[in-house]
Amino acid sequence: MEHPVIELNQVVKHYRIGDNQISALRGVDLQLQARDFAAIRGPSGSGKSTLLNICGLIDRIDGGSYRLAGEDISELDEAACTEIRRKRMGFIFQNYNLVPVMSVFDNVEYPLLLNNVPKAERRALVSDILDKVGLTGFAERKPDQLSGGQRQRVAIARALVKAPLLVIADEPTANLDTDTAEHIVELMKSLGHRLGTSFLIATHDDRMTRHCDKVFSMQDGVIA
Amino acid sequence: MNHIQLAWKNVLRNRRRSFVTIFIAAVGCASILIAGGFALWTYDILIEGASREFGHITVADKSFFAKEEETPMQFGMQQDNRVAEYLEKNPEVATLLPRINYSGLISNGDKSLIFLGTGAELAREAAVRKYFLVVREGAIPRGEPSQLPQILLGVALARNLGAKVGSQLTLIGTTAATGGINAVDVEVAALVSTGWSEVDKRLVFSDIQTAQNLLMTDKISTLSVFMHHLDKVPAMLETLAAYDGEHAYMPWWEQAQYYHSVRALYNRIFGLLGMIIIALVLFSVINTLAMAVVERTREIGTLRALGAHPREIIAQFVREGGIIGLAGVMIGNLVAAAVIWTLPYLRLQMPPPPGRSEGYPLLVAGSPTLTLVTNALIVLLCMGAAWAVSRRAASKPIVDALGHV
Numbered sequence: 001m002e003h004p005v006i007e008l009n010q011v012v013k014h015y016r017i018g019d020n021q022i023s024a025l026r027g028v029d030l031q032l033q034a035r036d037f038a039a040i041r042g043p044s045g046s047g048k049s050t051l052l053n054i055c056g057l058i059d060r061i062d063g064g065s066y067r068l069a070g071e072d073i074s075e076l077d078e079a080a081c082t083e084i085r086r087k088r089m090g091f092i093f094q095n096y097n098l099v100p101v102m103s104v105f106d107n108v109e110y111p112l113l114l115n116n117v118p119k120a121e122r123r124a125l126v127s128d129i130l131d132k133v134g135l136t137g138f139a140e141r142k143p144d145q146l147s148g149g150q151r152q153r154v155a156i157a158r159a160l161v162k163a164p165l166l167v168i169a170d171e172p173t174a175n176l177d178t179d180t181a182e183h184i185v186e187l188m189k190s191l192g193h194r195l196g197t198s199f200l201i202a203t204h205d206d207r208m209t210r211h212c213d214k215v216f217s218m219q220d221g222v223i224a
Numbered sequence: 225m226n227h228i229q230l231a232w233k234n235v236l237r238n239r240r241r242s243f244v245t246i247f248i249a250a251v252g253c254a255s256i257l258i259a260g261g262f263a264l265w266t267y268d269i270l271i272e273g274a275s276r277e278f279g280h281i282t283v284a285d286k287s288f289f290a291k292e293e294e295t296p297m298q299f300g301m302q303q304d305n306r307v308a309e310y311l312e313k314n315p316e317v318a319t320l321l322p323r324i325n326y327s328g329l330i331s332n333g334d335k336s337l338i339f340l341g342t343g344a345e346l347a348r349e350a351a352v353r354k355y356f357l358v359v360r361e362g363a364i365p366r367g368e369p370s371q372l373p374q375i376l377l378g379v380a381l382a383r384n385l386g387a388k389v390g391s392q393l394t395l396i397g398t399t400a401a402t403g404g405i406n407a408v409d410v411e412v413a414a415l416v417s418t419g420w421s422e423v424d425k426r427l428v429f430s431d432i433q434t435a436q437n438l439l440m441t442d443k444i445s446t447l448s449v450f451m452h453h454l455d456k457v458p459a460m461l462e463t464l465a466a467y468d469g470e471h472a473y474m475p476w477w478e479q480a481q482y483y484h485s486v487r488a489l490y491n492r493i494f495g496l497l498g499m500i501i502i503a504l505v506l507f508s509v510i511n512t513l514a515m516a517v518v519e520r521t522r523e524i525g526t527l528r529a530l531g532a533h534p535r536e537i538i539a540q541f542v543r544e545g546g547i548i549g550l551a552g553v554m555i556g557n558l559v560a561a562a563v564i565w566t567l568p569y570l571r572l573q574m575p576p577p578p579g580r581s582e583g584y585p586l587l588v589a590g591s592p593t594l595t596l597v598t599n600a601l602i603v604l605l606c607m608g609a610a611w612a613v614s615r616r617a618a619s620k621p622i623v624d625a626l627g628h629v
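Taken in order, these protein sequences are the chains called A and B. At position 114 of the first sequence the residue is numbered 114 (the working numbering), and the sequence of numbers has no breaks. Convert by adding 224 to the 1-based position in the second sequence; the result is the number in the working numbering.
Simulated from the structure, these hints should not be mistaken for laboratory data. Remember, it's a predicted structure, so these values are computed and weren't measured experimentally. Check the hints yourself; a few may be wrong.
To be verified - Here are the simulated EDC-like pairs of lysine to aspartate or glutamate, each with C-alpha atoms no more than 20 Å apart in a straight line:
hint	chain 1	residue 1	chain 2	residue 2
1	B	620	A	83
2	A	142	B	409
3	B	233	A	144
As the list claims (entries may be wrong) - Computed spacing ranges between beta-carbons, pair by pair:
hint	chain 1	residue 1	chain 2	residue 2	range
4	A	14	B	237	36 to 42 Å
5	B	243	A	87	36 to 42 Å
6	A	131	B	562	51 to 57 Å
7	A	77	B	565	34 to 40 Å
8	A	23	B	240	19 to 25 Å
9	A	193	B	243	37 to 43 Å
10	B	615	A	77	47 to 53 Å
In this text, a Cβ means the ideal position worked out from N, Cα and C, and glycines have one as well.
All chains, please: the whole structure from these sequences, using the hints.
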C-alpha cells in the first residue's frame, strides 16, 4: 500500500517572543496522499503558514512526528532536510521569489543545477516545463519583464521542473486578478496530476479552495 | 547557466557598486605593484652599486677581513697567485680587478688633506663602476704617456684643495716595510664623483704602480672578482674555498652594509604601506559584499528553500568575490604595467637620499613573483571577505530569511 506523502501526528510548534512562548501549532494531525491537491485555510495567525513551513521542512517541529512518504523525518538535521527539499520538494511563493538577475530559463533551471542534472537534460526538462506553462517564447526574459501571472507561471515551472513529490505553495494567487488566478490554479492542478505531484497550498482565497481535493481549516493552531 | 555565469550576473546586478569595488581592488593591486616594484628597483640599484664597488667576490689575505692592519699592506697579497690564475681561466668570471687600499695626505703645497686612495687599473675600474663613478671634468687616463702619474680626484676633495684637471699634487703616505714617510707627485687627470659626498671629500684613484711606489710594496690589498651572473656567486664561493684555503673570499652582500640598511628600512615602510592598502581593499570589499548580502537575504532564503546548502550559498558569494578580485587585479596589472613602461620615458629623478649628492632615476621594476603574490593576495582577500560576510546570512533560518524586508 502506498504511504501518504505527508503524515503529521500531534505536531507542536512553539515560538518564543521575549519572555512569552506562543504555541503556533498545538497538536496537528494531517495526511496528504499522492496527487492530492490540498489547501490549508484559516484566518491570519491561525498557524497555516507555520504548518506549511513545517511541511516544507523550512521550519522544525517541537513535538509530534512528521513522516514523508512513510519515512520519519522528525529528527533529521538541517543538511538532510536540505537534501529532501532539493530532491523531493518544490516551492511556490506569494511574491514569486524569482531571482531577478536570472532569465526565465535560468530560474527554472536552478533546481536542476542544484541536483547536478547534466546540461543537455536540463535544457530538455526546462524547455518542456516552459512549454507546459505556456512560456516557451519567454525563456530569455528577466522576471521584471513579465506580468504577475507570467511570473507565477515561472515559479510553478521552477517548482515542478524536477517532478517533485510535493509542492508547497504559499498564497500563490494572492497577488493575481481573478482570471489569472483561475488559470494558475488550473495549471497547478493539471500539472500536478500529470507529474504525480502532491500540492499543499496555504490560502484564504475561495477561488483556490474550490479546486482543491482537500481543504484543511486551521483555527488557533489546530485543524478544525 | 552554470555557477560562474550566475556569479557574473550577480556581480553585474549593482554595476556601480561592483565597479567601485573593482576599482578599489585595482588601485590596491596597482599600488602594491608600483610601490613594491619601486622598492625592488631600489634594491637592484643598491646591489649593482655594491657589487660594482666591491666586486661580486673579494679575494684577500686570510686576515684581511678579520683584523685591522697595523702597518700598510700588512695583510696584502701577491697579485700573481694560484687563485688569480684559476679565476682568469674561469669562464664564469667576467673581470678581475686588483686593488690597493691606502690612505695618507694629499697636498697642493699650501694645504694638505687626508685622502682615502684606491690603487687600481683606472680604465678598467671606471668601466666596471660605470655610472657609480661619474667623471665631472677631464677624462679617465688610458695609458697615455705623461710626465707624472695621473690620478682621479673626488670633486669635493678637489674643491677643498682648489685643484683642477691638470693640477699637480703630492700624495704622502706611510711605507709598508718600514712605516716611514714617502711622497709621490701626481697630476689630476679627472674629477670624479661616487655620488656620496662624504666619500668624494676623501676620494683618490691612482694606478696600481703609483700606489705601490708610495707604499713601497709589490703587494695588492684585494682581488675583486666580477662575474657574468650574480646568481653564480654562491657556487663560486664554494668552489674557491675548496680550491684554495690560503685566502679569504668575501661575497658582495657581506660588505654592502648600506644595501642591508636600506632594504631593512624599505621592507618596513613598504610592508606597512602594503598592509594599509590590503586593509583598505578588505574593508571596501567587505562593505560592498555585506550590502549585497543584506539586500539578497530574501533571495538567499528562497535558494535555501529550493534546496541550496548554506555552503553552496557561501560558495556563490565567494565566486562573486573572486570575480571582483580577478577583475580588480587585471585592471591593476594593466595600470602597473603602464606605469612601469612609461616611467623610463619621463626621465624622472628621485632626490638624493641622505648622505648622497646624486639622485637616482625614478623607475619601477616589474617582478613576476611580486605580481603573482599580489594578484593571489587580492583575489583571496576578496574571496575571504565574501566568505566572511555571507556565512551568517547563509546560515540564517530560512523562515527569517524569507521574511526579510
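Evaluated hints:
1. 620(B) to 83(A): holds (17 Å)
2. 142(A) to 409(B): Judged against 20 Å, a Cα distance of about 94 Å means the pair is violated.
3. 233(B) to 144(A): Distance of about 15 Å is within 20 Å: holds.
4. 14(A) to 237(B): 36 to 42 Å: holds (38 Å)
5. 243(B) to 87(A): 36 to 42 Å: Holds, at about 39 Å.
6. 131(A) to 562(B): 51 to 57 Å: Taking Cβ atoms as reference, residue 131(A) and residue 562(B) lie about 52 Å apart, which means the hint holds.
7. 77(A) to 565(B): 34 to 40 Å: violated (57 Å)
8. 23(A) to 240(B): 19 to 25 Å: Violated, at about 48 Å.
9. 193(A) to 243(B): 37 to 43 Å: violated (49 Å)
10. 615(B) to 77(A): 47 to 53 Å: Given range 47 to 53 Å: violated, Cβ gap about 18 Å.
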